[in-house]
Structure formats: structure tokens, C-alpha cells
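Asker: These are the residues of each chain, in order.
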Amino acid sequence: MATTEQLLKPITLPDYKGKVDPDWCPGCGDFGVLAALEKALVDLQIHPFNVVTISGIGCSSNLPGYIGTYGMHTLHGRALAVATGVKLANHDLTVVVTGGDGDGFGIGGNHFIHTMRRNVDLLYLAMDNQIYGLTTGQVSPTSSIGMKTKSTPHGSVEPPINPISMALAAGATFIARGFSGEQKHLTELIKQGLKHKGFSFIDVFSPCVTYNHDNTYAWFKQRVKKLEEDPTYDATNWLMAAERSQIWGEVIPIGKFFERNDLPSLDQAEPVLDEGGPLAHRKLGIPPEIAREFVTELM
Amino acid sequence: MRHTFAVSIGGAAGQGVATPGNIFARIFARRGLSVQAYNAYQSIIRGGHTFLTIRTGPDEIKSFGDKIDLLIPLNQDTIDRHLNLLGAGAAVVYNGDTIKPGKAADGVRLCPLPVSQLNSNSRNKVEQNTLCVAAGLSMMGVGFQSLAEVLTQQFKKKGDAVVNENVESARSAYQYATEHFEPFPRPLPMTEKPQAVLTGNMALAMGGAAAGVKFYCAYPMSPSTGVLHWMASHARKSGIMVRQVEDEIGVVNMAIGAAQAGCRAMCATSGGGFALMTEGLGMAAMIETPMVVIDVQRAGPSTGVPTKTEQGDLWQMLGAGHGDYPRAIATPTDILDCFKIIPEIFNLVDKFQCPGIVLTDLLLSEGTGSVDPKELNFNVPIDRGELITAPDGVSGNYKRYLITESGISPRAIPGIPGYTHTVATDEHQEDGVLISDEFTNPVKRREMMEKRQRKVQGIEAAVPPPKLVGPRNADVTLIGWGSTKGVIEEAIELLADAGITASHLQIRWMVPLHGDAILDELRGAKHTIMVENNFSGQFARYLRGETSFVADGHIRKYDGEPFMPHHIVEAIKEQLAGKTKLSVPMHEIMV
Ligand SMILES: Cc1ncc(C[n+]2csc(CCOP(=O)(O)OP(=O)(O)O)c2C)c(N)n1
Ligand code: SF4
Ligand SMILES: [Mg+2]
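Residue numbers (our numbering), protein chains in the order written: chain A, 1 to 299; chain B, 1001 to 1591.
By construction, these hints were calculated from the structure, which means they are not laboratory data. Here a beta-carbon is modelled for each residue, glycine too, at the ideal position from N, C-alpha and C. There's no promise every hint is true.
Claimed, not checked - Quick list of in silico lysine-lysine cross-link-like pairs, DSS-like style, CA-CA up to 27 Å:
| # | chain 1 | residue 1 | chain 2 | residue 2 |
| --- | --- | --- | --- | --- |
| 1 | B | Lys1444 | A | Lys17 |
| 2 | A | Lys283 | B | Lys1351 |
| 3 | B | Lys1340 | A | Lys283 |
| 4 | A | Lys283 | B | Lys1237 |
| 5 | B | Lys1444 | A | Lys19 |
| 6 | A | Lys19 | B | Lys1451 |
| 7 | A | Lys17 | B | Lys1399 |
| 8 | A | Lys283 | B | Lys1374 |
| 9 | B | Lys1399 | A | Lys19 |
| 10 | B | Lys1526 | B | Lys1579 |
Said to hold, decoys possible - Covered stretches of chain B, going by a simulated chain A footprint (3 or more residues, C-beta under 8 Å):
| # | region |
| --- | --- |
| 11 | 1204-1213 |
| 12 | 1368-1380 |
| 13 | 1417-1429 |
Unchecked claim - So the derived label-pair ranges between C-beta atoms look like this:
| # | chain 1 | residue 1 | chain 2 | residue 2 | range |
| --- | --- | --- | --- | --- | --- |
| 14 | A | Gly171 | B | Gly1319 | 37 to 47 Å |
| 15 | B | Lys1067 | A | Gly109 | 50 to 60 Å |
| 16 | A | Met299 | B | Asp1383 | 25 to 35 Å |
| 17 | A | Pro153 | B | Ser1548 | 49 to 59 Å |
| 18 | B | Glu1588 | A | Gly171 | 50 to 60 Å |
| 19 | A | Gln268 | B | His1229 | 20 to 30 Å |
| 20 | B | Thr1440 | A | Lys221 | 32 to 42 Å |
| 21 | B | Arg1171 | A | Met299 | 21 to 31 Å |
This is chain B alone, in the form it adopts within the complex:
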């Protein structure tokens, strides 16, 4: 079995759970280890309960896992909630002055730190968080120097005195742990390849920068706001115009304006904001102006649970806007894919002059993960399709909506002599003149509808169909989409340990779906199970609508938290045993 190690830090919001989390993630990634972190939190700025889990190991970490090796509770509430979930071999490092543990299971080690004693040499009390991190690192067999480096970097701005104080207190906690607590049996390994650490939101934003986005606008909405934050803080260096707009209606329309004028334009929101954008998406489709909207799903409906994850917006994306129009919908499968998919979808929508949607969720957008820095390659191919940005001597009688076999017409941006034209949300003829009011014309209307819809075939051909991974005759075939890729892959490894073979089909493009290819991939599958983070099986219903495919069983979860590998494993076992066709795993950790 692979070597992994998970540390969880819990406390009230405002108690500083994020900082020790970042310290661990950075140290692990610098050791060349793979990292995944997930923060279970609530929509308050102070108080409540925040629980961050960071999992690491030398091989790729695909989910935040099932078990905790080290728990760092920053308050009594955390230890009360989580101590009974720890199994043999786990350890708890905590402030022994303030926290009283209850009864732990056999084999769980309690490691109280005498925080005030360790702090006695410092004038400003060093945070208990830092001391717990230091003790934890000692037990993991990580040399003190790596912590000293991160602390120095972190406190550099506050001056040498603060740096020294933190480093020295941390050193005393590290030594105390070395002397008093038994180390974990397997010290944390090291590899030669330091990793970069980022959130999905950062990856989406960086993907936009790589794709050549020059206009980004948004209205803050969790869990998509991180894209705005990255864009705003990197705007000047990247030459990107970043604007916070009055509402999401303004956002989508402003982005379309910038796109029509020739920029690659992008915006991000969550379900509620997306609802306000839908009329705008129809406009982008009708005037054939490419742009990209990111929808980061949170638990709905309505305001829902702003800090919890779900895959509940699929039908909203499929049905966004009235009337028929071509669109592309991509669902990135991990944090690195959040980066890679943006340039891909921009090339696609620029070519086909239609709106593109990137559908992801809180699990990825606010999740933190490590990637090989080489994979964050900004030097991506850029193809803007049939775009006219300079006078070329061939115009004259320019038709913006020229009827073509592909449905794609040459697109001139404003400011170019010889190409003046008006784009309109009313139905129009080839030269852009309206055929909606005085001169409605069924023949032309049909032609224009067919022209736009012909792009659908082109889009389908331009995107590769999904591929089954694993043996066709596996005991079970799992079908998921978007962010569930990692946890399904890990569940498959656990199933293999239990003697159950599994294959896997993960959907990355919702539109184009490639229904026939999916049916081919699933032909002969022994037992198909669809895994979705929603109540109604939105993808199952879509796939059935498009292909008539009906899966043998379903695993769904809609409690706001993502799947853990054992949820999927146990559900598959009960379904293969014929106990049920629908499993809804219970989330054991209360946050």
C-alpha cells in the first residue's frame, strides 16, 4: 500500500487554522511530496468550527483520504468532536495548558505541549499553532531546518526580532517533542522534485493568464472569489484589466463587451450569480462573441451552503438561457486541470464563436494541491480562429454572419476600416441587419438558426471523447464527472486491495458529451455505478437523456462535504452484494 500521512488542524474561524496548514503544505511540497488539502469550514469570519486536512506522500495524493495520522486541535471543541474518530497509530498534539482530552481509542497517543513553559523566553507569546506544528514535524522525522526556513519567510516583514522569537520557541517545542513523544513509525520521505502548491481558484486564474485573458471581471461570490483575488493581485504584472462590477448581470455584459472589442474575456461566479448571467450568455451566443464563464458550484439551491461543495449546477449550465444555441461546458477533473482547461476552452470558443462554461466546485476551487511546477506551463498554443484585427485589403460588402458550411463566419473587431457592422441580439441576416421586427423572414430565420447550430458538430469533433481506464470486464465500472476523479481513483486502489477489479470513466467535457463514444466505452461493462456529489443524479439523468444509458447503481452525496474514498468503497461493496442500487454515504466528521 502507498505511504501517505494526513494531518488535521481544527479550531474556531479566526484562530489561525490556515497558517499552520500553509506551513505544512509548503514543507511537504518542498520535500518533493504530493499534497492535497481540504478545509471544511463555515460561512463566518470568527467562531464556528474549521477543520483543515492536509495529506501528503511520495506518490500522487488524489484525495484528502479516510484517516488522520496527526490531529492538532486548537481548542477544546475540536478535540471533543474528533478524538473519537482517531484510530490506533494516530497522535494528538495540543496545548496541554488549555485543552483537556476525553477518552481516546486504544493506540491513540496524546501529546500535550506545555505551551506557556515553552514560550517562557519570548516576550510576545508565539502562537500555540506554531509550537504544535514544530512538535508534529519532529514526530514525522522532518528536520527542524525546513520549519525555520518557512517561519523566516513568513515573518520576514515583521523584522528579525519576531523571526528569532518564532524560530526559537518553535525550536524548543521541536526539542520537547523529540525528547518526550515517540516518533511516527515511518519518517516522512523526501523526493528530488519540489512541488508547487496552489488552490483550484488560483489555477483557474493562472490558466486565464496563460490563455491570454486581458479582461477579467467579477462580483464576489464564494467559492469563486479566489479567482478574483489572484487576478486582482497579479493584474498589473500580467497586463490584465480586472474589475469588480456592480452585479453579475453587469459582469457578464461587461465581459461580452470586452470580448466583442477583441479581448479574451473571462468571469467567475457561483450558481446564484450564474443565474443572473444567463440572459447574457444567450447574447454571447446570438451575437457569436466568444467568452468564458466559470461556475464554481456550492451546495444549493438558493444561497444554500456557501462554504460547502456540491455538483448540483449541471442542469443550470445545460439549460442556461432561452432558445437553442451552441455552447461548450468543461468540467476540470483536478486542480492542475483547472489550469489546463482554460486555454483549451478559449481556443475552442474563439474558434466556434460561442460562450464557454467551466463548471467546477468548491472541492477543487478552495482545495489546495501540489503540482509539478513544470506542468504550470504558460507557453500554451493560442488559436483565435477567424478573427480580423487589422485591415487586410480584401473586405468590401463584409458579412459578419456569412453563412458557411462550418457555421463559423469571419469576425471583425471594432476599429477596423472597411468592416463596420452592427451585431444584434435580435435575429439578423448575414450582414447583421435585423429580421425580427419589420421584416421577419422564416427562410432567413431558419438559415441563421442552422448556421449557428452547425457549429455544434464542429465543437464535438474538436474535443476528444472520454476514455475508459481499466479493464472492460472489471467487476465494477465507475462513472464520475469533474472533481470526483481523484477520490474515485483512490477508491479503485482500495477495491483492488479487497480483490474487486474496477474500471473508470471520468467525464471532462459535458458539452460536447460524445454520447456514442461513451456507449462504446461502456459496452460490455458488468456493473456500472455513477458517482455524483448531488441529490438527483444530474449527470445520470443527462446521460440517460442523451444516450438512453441507464446505470446499474448510483452513489450520491449531498450533505455539503465531498466523498471520502471509503464512502465509495463501502457503497460499491453493498451494491455488488445486491443490497441496494442507491447509496448515500454518511459523512462521519461533523464540521
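Bound-form chain A, shown alone:
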């Protein structure tokens, strides 16, 4: 039981420890995402009981079981829809969504687009390993052309989607790309994403050491270049972000692509939430005078 004393105590990493340790393969990029997320939450001194971590299904989607917040490990592809419901029901909660590239951009693609359009106030960490890990290595929506997987033994012929430019087109208000092998940088991005009021999307390269032998740590280390190191880059400039989002090859930009803070998030835009606090804690039912009005309309 949390006493006042406990609530006043500084929040430290052990407060975020989950009930069990991750069972990801040793070396899996997902360890780095979990570590950076915990670090960011501690840095911002957010209480674990005020956080809900929500995922779909996949290796990466196992994350909520490994963190000491409230959690929902939902259905493959559905985390963003569930999370929208949670946030609207209790907008005082910090909502974090995690999951894989298949989960978010494949089976969950429709929710991805619409959650961005609505500017739902949550942090979405896509743990992008360009492969279906949990189902033992099939092609994913972010796999490169030519990539050999169990379902594309002769090499994929389909071009991948570009999550960053998709997010820009769909109207996301915070868009970034991180790399699990760049802990400090990733932690910083997550902190910014948590602080952003609105939909924050971070596409995180999170290598699958077991099934993706193309896009390895070493492969990324050679290529990633931080946008923050370019003094000419302006993350408030949508066109510039759109241009950088197209760069993929010898150099792959990471960092904050875009942020705008002039649009209301869905909970701010919805007048039902203007007064009265979170819906989940409001009194149930209809006041008698309003009920009378509803019946009178029918007479």
C-alpha cells in the first residue's frame, strides 16, 4: 500500500521493476528500449501507478509484463485502439504504447493512421526490428526489398513502408526515430515524447538478433546519424522533416524529425472532458432534471 510517505519519496529505477524479468533472447534490441523507457520515466519522476503500458502481441509487445506500471497486453495490432479508450476514460494517466513493426504497421495499420490523425495524447514506441520475431522470422512491413525470411526465402520483392513519412502525412504532432544501441539519445527522445501533449511517435530500431541478420547493431551503428548534430535542421519545419524522412542508405537519420504544439490533443478537443475530471471517476447515471428533459423530448 502506498502511504503518503511513499508517494513523496523520489522515484527510482527499482520502482519500475516488473514482476518478472524479460525472456527476450540475449542481445535483443528490446532490452534497450525497456531500459530507456524506465530511465525516462524515472527522470521525469512519474509515478508507476499513474502509467499504463499497453501493447499488442509480439516479442516487443511482451514489454508491459516487464515494467512495474499498470499494463495491458492486448491483441495483435490493437494496442492503439485500446490505448485511446484508456486515455479518454482517464486522461490523468500517462499512456505508453509499445509493440512491433508487424503489430503497428501491418495488422494495426488502420489504428496507427487514425490515432495520429486524432492526436491522442500518448507515447507510441514502435520497436522496429523489420521482422516478425515472435512467429519465428517472417517478412514485415518494414523489411527491405531483397530480404530473405522464412516467408520470403528468395528475397522480398515488396517495398517497405516508411513509418516516419506515414506519420508526417497522417498528422502526428511528435515524430522521432531512435536506436536501441544509442541509449542516452533514445532516453532523451522518450522524455521529450512523454512531455509532448499529443500523439508522440518514436520508431525505434530494435534489432532482432535471432531472425534478422541483415539489420544488425553493427549495420545501424555505421549508418545512424543524429539530426540533433545538424545545426541547420529545424524540427518545426514539416517540409524539412518530410525531406529527411526520405533518406535511407549509407546514412540513416535518427532523432526528432518533427514536433508541433499548436494543436489540441483529443482529450483537450473533446468538450465532455472540459469539466468534472476523468470519466472513470465520475458519478454514474443521469441527473434527474436531465433525464426528465430526455423523456419530455419524446412526448
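Position chain B with the ligands against the provided structure of chain A, taking the given hints into account.
Answerer: Just chain B with the ligands now, with coordinates in the frame of chain A:
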């Protein structure tokens, strides 16, 4: 015999069949009369043929009946289709300038209105519909004042000039009818109790508001969209979050998210949308988060007939989602019951932490009926079960899925210190930790399955079993479910007039079914007949599967239209005469 009066208005979609329908319904209900209305229409916005029947009377009206007393055709097509179905005593009021009637049966009165002449004093031509309504009311013996009031209310927003024009033209049509047409032999009575008029969809939505629904979301799909419309237009006043979502998969998942966070959450759809929701229902069951989905049946399979009714989704509800899990399925029996059942099922699913389904159909959802306004009581009991919404000082080592005798475990919502836990669609142990991947555990898996399934007994005990109405030794015992209650009751009255006694068992809860109680109620029945608005006898097959009960006969209908009382009466007569065990009545009205 009871005194009833039925008026039908037909025309092309877009010609304004609904407005005169609403005017009649309102006037009848304000006179304290009972009203039932059913609109036979097609899935187009303009054109086609729409046929609205409103039936009224001083006693409870239970169906839209068998016969029409007054026909108002708004176009030639309508009179061509329906004139030959009218019997002696009926009247037709129509625009004599544009519509040419064919041959009517003996005793059918043709009452042409000289519409352009009656309209000569108004600048903007008043709709022929309004003039026909006025003439009809004169013939029914309804004073003009009640029409003037409704017209004033209707056109108030358009200004006094429009109000006056409509009222004056209506008055001239009313007077013309008084002078030229013979009134109906029995003037429409009046009672002291004005009624409220609403559709089943409105009743479902209002039931949700009464139950304390704080989150409603949907993707539009006929014939359930009316719930979304009521919710959206009353959201601000009721403090309900209403969202239109990208698809029904999103709908069910969003509702579950809101429910998990602590709201009562509801959504409505029809069969196709429900199909997309089934994986989500399994999630609600697995993570033990209560929420309610309404399925409003239309004629299937697939896109089917979006504007026609059927009871064809029962097996879809029974089998929705993979694996075994507890669920509740209620089938409201009339429009008022659409209102009452929602708070009931919310209390049930909150207590047992499982998904609830309300299974209804177009006949109720888009049908209009009157109810005693006192019955729309929003002050309903609310029981949220074992829900933890505030820190209470007793937590520590909280187990969301604590194994208990009832199968119910205390449910903490996110945001409460001391209760952090993760819910998962993977099989889990008492504290929520997965036992599906690295640590599969047959003992724990069995325990958790049994824990969840123990709730089934609790649900059964919490819901009253169905009761037979009428004598056990009746000549025939009719078994129906959901929306067929009214038409079966009316058929039973008609059978009594013909000297045939009948009893009636109407099913309101599909799950829990109470199979043993049903067998007790049916013990000794002389001749059992099941009435269903579908092809294969979905309920008959379910009841047989659960209880081995086999009925003596069946009456089914799957042409998209609901039963009319005489369909059931004639089918029973032929079955009691031993002519057949399966009757499929023909729908005589072509719409
Ligand atoms: C409806 C549905 N279809 C398929 C699956 C099987 N499935 C589980 S995880 C997964 C893909 C996982 O890939 P990704 O989302 O990229 O996560 P990763 O394991 O790579 O972290 C699939 C296809 C499922 N659980 N549910
Ligand atoms: S299979 Fe790949 S993604 Fe899954 S845990 Fe192992 S390394 Fe990580
Ligand atoms: Mg993946």
C-alpha cells in the same frame, strides 16, 4: 375485440413518409393511445418504395397488425401496390390531382383531395402529406387543434409565416374532409395518460445513459446507427464520451480500453461489424473486463438486406470468439425492454467481469412505439461489483486474478497506488504474469480456466428463468425469443377468438438459458410450436442442443419482413390440423 386503428403511408424514399408518420404517432400518443409503427423501406436515400404503418388504440398495441384502416399513398406506385390489399371499411386519402386509383374492393372508400385548390391561398405549396394527414384526422374524429399544435411545433424554427401557411392549408383540408368524406364509424378514443414515443435504438441508447455508460463508440451500420445518433446528440448533456471509430475492430478495442480504465463502455453494430469484433470479445473475457456490445440483426448473410429484419445472428453470438469463456446474451422483447435490459446487463457483467451481448433486431431498433413515460425511469440500481477505484489501505501483493470460489476477483482500475498489475490476453496466473510462453503450466492453466468458467453458474443464478404465460394444458404452446413477443401475444388473442387456447414462453436471456427451467415450464404441453424470424430455426437448434427438447412444429420467416399476427394464427391452424410441421408464411405486402 380490442379497438385498434392502423394508418399506412407509402411513397418513394425522399418523398417525406417519415414526417406524417411522426405527426400521427405524436398525436396518437398525446391522446394517451398506445402506438406501434413499422417502416418497410429499402437501402436507398431517394426513390424506391417506403411503407410506414402506424397502429394505435386505447389498449397496448403489440404489433403493427394485419389490416390497414387508412391508406395515404403519396405516389401512384403506392396505390398500385396496396389498393387491392385493402378490405371493406378501409379508406384511401390521396392527392386527386396526381394519383389515379385502380379498382378497389367493395366497401373501400376512395377520398381524393383537390390538393392544388386547397393550396391556392399559400405561396409555398404545403406538402400534400400534411393535407392528407389533416383529412385523415378529420375522418378519425380527432379535433383539428391537436394537428395545429404539432405543426406549430414542427415549423416553429422556420418562422410564423410558414407555421400559419401550414396550419391554414391543413385546416382547409380538414374542413374539406369533414364536408366531403364520411368519418370512420368509431372515432379515435382518448385516455388520460399521454405516452412517450421512441424507437428501439433510442431506447437502447437511453438505457445506456441510465446505466451510467460513460463511453460509447461505434462505426455506422444499419440498423444500429440510431444508437450512435442518440448518443452523439445527447453526449454533452449526459457527460458521455461518444466516438465514431475507424472500424468495428477499433470500436470494440477502444470500448474495452475505456472499460478497463473504469468506465461503463458500450458499442452497437450489426452482424458484419460484430464479426469484426469477435476477437475483441475474447479479450474482454480473458482479461475479465466487463463491457456491452449490442448486435442489431438485419437479414444476412454478408451485407444481406440492410433495411430488413431477421433473427439470424444467434449462433454468431453463441460462438463469437474462440475458446470457452463466460458471456451473457440478452434478447430484449420490446422497445421498452430495450431500455430496461441495458442497466440489467451492465450490473450483471460488472459483477461477473465478462462481456455482455444485447441481441436485438431491426424490427425493434427501427420500430417506433409508445411507452408510459414513467417507465423510462433513469434512476436504476447500479452495482459495479468488486471494483477498486480508490486506495483502500488493504492492498499489498494484489492479485488481479485471485482464484476464488465464485470465480470473481477484485478488479482495480489503473491509477490507484498499490495495485499495479498487467492484464494479458495470454493465459496468466493469479498475479497476471503470463503462463503461455516460457512457463506453460498445465496445472495453472486448468485452474484459471476453471476460475473463469465458475462465473457461469453465478451468472445463471443471477438471472431469473423464463416463465410460461397461460394454461399448461393449452391447445398449443408457442415458444419465441426477443422481438417476436408482441406479435405472438396478439396471435394468441386472435386464436382465443377462434376458440383455440394457447400458452406462451418467450425467451429474454439466451445466456444463461436456464434449460432445466424451460423443460419444467414445457412439461405437459400438448403441442409446442417455435416461432423464429430465420431460416434454420437457430433457437430451436440451440434449445435442442442444450436440453434435447424437440418442438412439435415450427413457424419461420426469412423474407426480411417481420411476422404479422395472421401469419402465426394461420400457421398454427394448419399445424394443429396436421397439415405440416413447418410453416413459412408468405408476406403479402410487397415493399
Ligand atoms: C490476429 C493474429 N494474427 C496473427 C498472430 C500471430 N502473431 C503473433 S506476433 C506476430 C508478428 C510479430 O511481429 P512484430 O509485431 O513485428 O513483433 P516482434 O515479435 O517482431 O517484436 C504474429 C503474426 C496473432 N497473435 N494474432
Ligand atoms: S526473436 Fe528477435 S525480437 Fe524476439 S526476443 Fe529474440 S531477438 Fe528479440
Ligand atoms: Mg517485428
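Asker: Checked against the structure, which of the hints given earlier come out wrong?
Answerer: Violated hints: none; all satisfied.
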